[in-house]
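**Student:** Spelled out from the first residue to the last, the chains are:
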Amino acid sequence: MASRSELEAQLREHWPRLRRFAYSLSRDAADADDLVQDVAMRAMASCDQWQVGSRFDSWIFRITRNLWIDTVRSRGRRDKHHAPAEAGELVGQDPTPGIEASLDLSTAMKAMQKLPDEQREVIALILIDGLGYREASEVLDLPIGTISSRLARGRTALLELLGE
Amino acid sequence: MTIDEETFFAWLDGELEASAARQVADAVAADPVLARRAHEHRAMQDKLRLAFNGLLDAPVPDRIGEAPVDFAAAKAKRDERREVPVRLPQWAAMAATLVLGLGIGAIVGPGRGSDSPVAAVQGQMVAAAGLERALDTQLASAQQGGAGPRIGLTFRNGEGALCRSFSGVAGSSGLACRAGGQWQVKGLFGGQAGQGGDYRMAAGEDPRLAALIEESIAGEPFDAAAERAAQENGWR
Numbered sequence: 001m002a003s004r005s006e007l008e009a010q011l012r013e014h015w016p017r018l019r020r021f022a023y024s025l026s027r028d029a030a031d032a033d034d035l036v037q038d039v040a041m042r043a044m045a046s047c048d049q050w051q052v053g054s055r056f057d058s059w060i061f062r063i064t065r066n067l068w069i070d071t072v073r074s075r076g077r078r079d080k081h082h083a084p085a086e087a088g089e090l091v092g093q094d095p096t097p098g099i100e101a102s103l104d105l106s107t108a109m110k111a112m113q114k115l116p117d118e119q120r121e122v123i124a125l126i127l128i129d130g131l132g133y134r135e136a137s138e139v140l141d142l143p144i145g146t147i148s149s150r151l152a153r154g155r156t157a158l159l160e161l162l163g164e
Numbered sequence: 001m002t003i004d005e006e007t008f009f010a011w012l013d014g015e016l017e018a019s020a021a022r023q024v025a026d027a028v029a030a031d032p033v034l035a036r037r038a039h040e041h042r043a044m045q046d047k048l049r050l051a052f053n054g055l056l057d058a059p060v061p062d063r064i065g066e067a068p069v070d071f072a073a074a075k076a077k078r079d080e081r082r083e084v085p086v087r088l089p090q091w092a093a094m095a096a097t098l099v100l101g102l103g104i105g106a107i108v109g110p111g112r113g114s115d116s117p118v119a120a121v122q123g124q125m126v127a128a129a130g131l132e133r134a135l136d137t138q139l140a141s142a143q144q145g146g147a148g149p150r151i152g153l154t155f156r157n158g159e160g161a162l163c164r165s166f167s168g169v170a171g172s173s174g175l176a177c178r179a180g181g182q183w184q185v186k187g188l189f190g191g192q193a194g195q196g197g198d199y200r201m202a203a204g205e206d207p208r209l210a211a212l213i214e215e216s217i218a219g220e221p222f223d224a225a226a227e228r229a230a231q232e233n234g235w236r
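Quick mapping for you: the protein sequence lines, in order, are chains A and B. Using full-length UniProt numbering, read the first sequence as starting at 1 and increasing by one per residue. Using full-length UniProt numbering, read the second sequence as starting at 1 and increasing by one per residue.
Watch out, some of these pointers could steer you wrong.
What the hints assert, rightly or not - Sample of chain A residues facing chain B (criterion: CB under 8 Å; computed from the structure):
id, residue
1, Ala30
2, Ala43
3, Ser102
4, Lys114
5, Gly132
Rather than coming from a laboratory, the hints here were simulated on the basis of the structure. Quantities reported herein were computed from a predicted structural model and do not represent experimental measurements. C-beta: ideal position from N, C-alpha, C; glycine also.
When you get a sec, could you build the whole thing from the sequences and use the hints?
**Tutor:** Next up, the structure:
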């Protein structure tokens, strides 16, 4: 069991990665910042659930992912009828493959939003954060085979969206 | 040797055992199509990672994981996060990235507090306070006369983002487009704020604003129904 100060120290150490993970899941900066705040509060409130010596990143990512899924689900119920407009956001935009060398954050977030949630979380953990397949499967509580097939579909879709 | 997609990606990610990895590496080296795919996916991943890695540089906040004391405090904290008053050096650096008119100093000049209608967030000029509220909530088709910001045209730009022109902000008019959940100010032009009359056309009175709209717009400006639908859809 961790004390609040131990937990806070861990949170500080992992803050940049936590924030990047939240941004890679969220539809915009405001949502991502809110998610990070919620995760930090949730983590501090449940510091008795994290064992000192166990991997903090897996634990905090799991909390992040679960809170995000809750938000997505409650929002899904609320604005289901708006979905087509949102899905059409990138339509008509030519990513000019091979010409645009760098990608800005909001374009990257938009492309991530085009992926189904279950592919996005795998891409966020493996391609963006750099976790291994086994670590990602622990965070998401999924078999490695599922991780690997979602990863394949997600990155194929992203390659089309983002070009070379 | 045929390689299935998941094995190919597992190789790319360094997830294969040494002997299997060698086999895939040999196959990729011998097949230009596979080699090109490997290159494309690596380049895409590098680009994606780079786009998100900028987030790693932000400083860790002083206080983390504390529950807000009450709603007002939470809101104040959020506003604080969203609206950093512009100070001169930052402002000077940003001037180069904006289409600018005269009179801008009256709006975002040094010393303005959090009631400034324009704020700097991560190096971008965004609408804040009364201007942000007007852009979020005001429909040009249902505007009353009087003080405060007025909305002109609503349209989508070439990138598919929603844009709205405005006037009556400290005597200036301008254009803001939706990005990252905020209204990014694309241009601000001093003077010539309309007084009465047809405000929807008044947005075009300043030739610089008209030129900026002309340059940005893709398709037609929204009519009243499209404007209302866009609002209901959260300006996405």
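**Student:** If a hint holds in the structure, say so; if it doesn't, say that too.
**Tutor:** Verification of the supplied hints:
no.: 1; hint: Ala30; in the structure: 4 Å, holds
no.: 2; hint: Ala43; in the structure: 6 Å, holds
no.: 3; hint: Ser102; in the structure: 7 Å, holds
no.: 4; hint: Lys114; in the structure: 12 Å, violated
no.: 5; hint: Gly132; in the structure: 7 Å, holds
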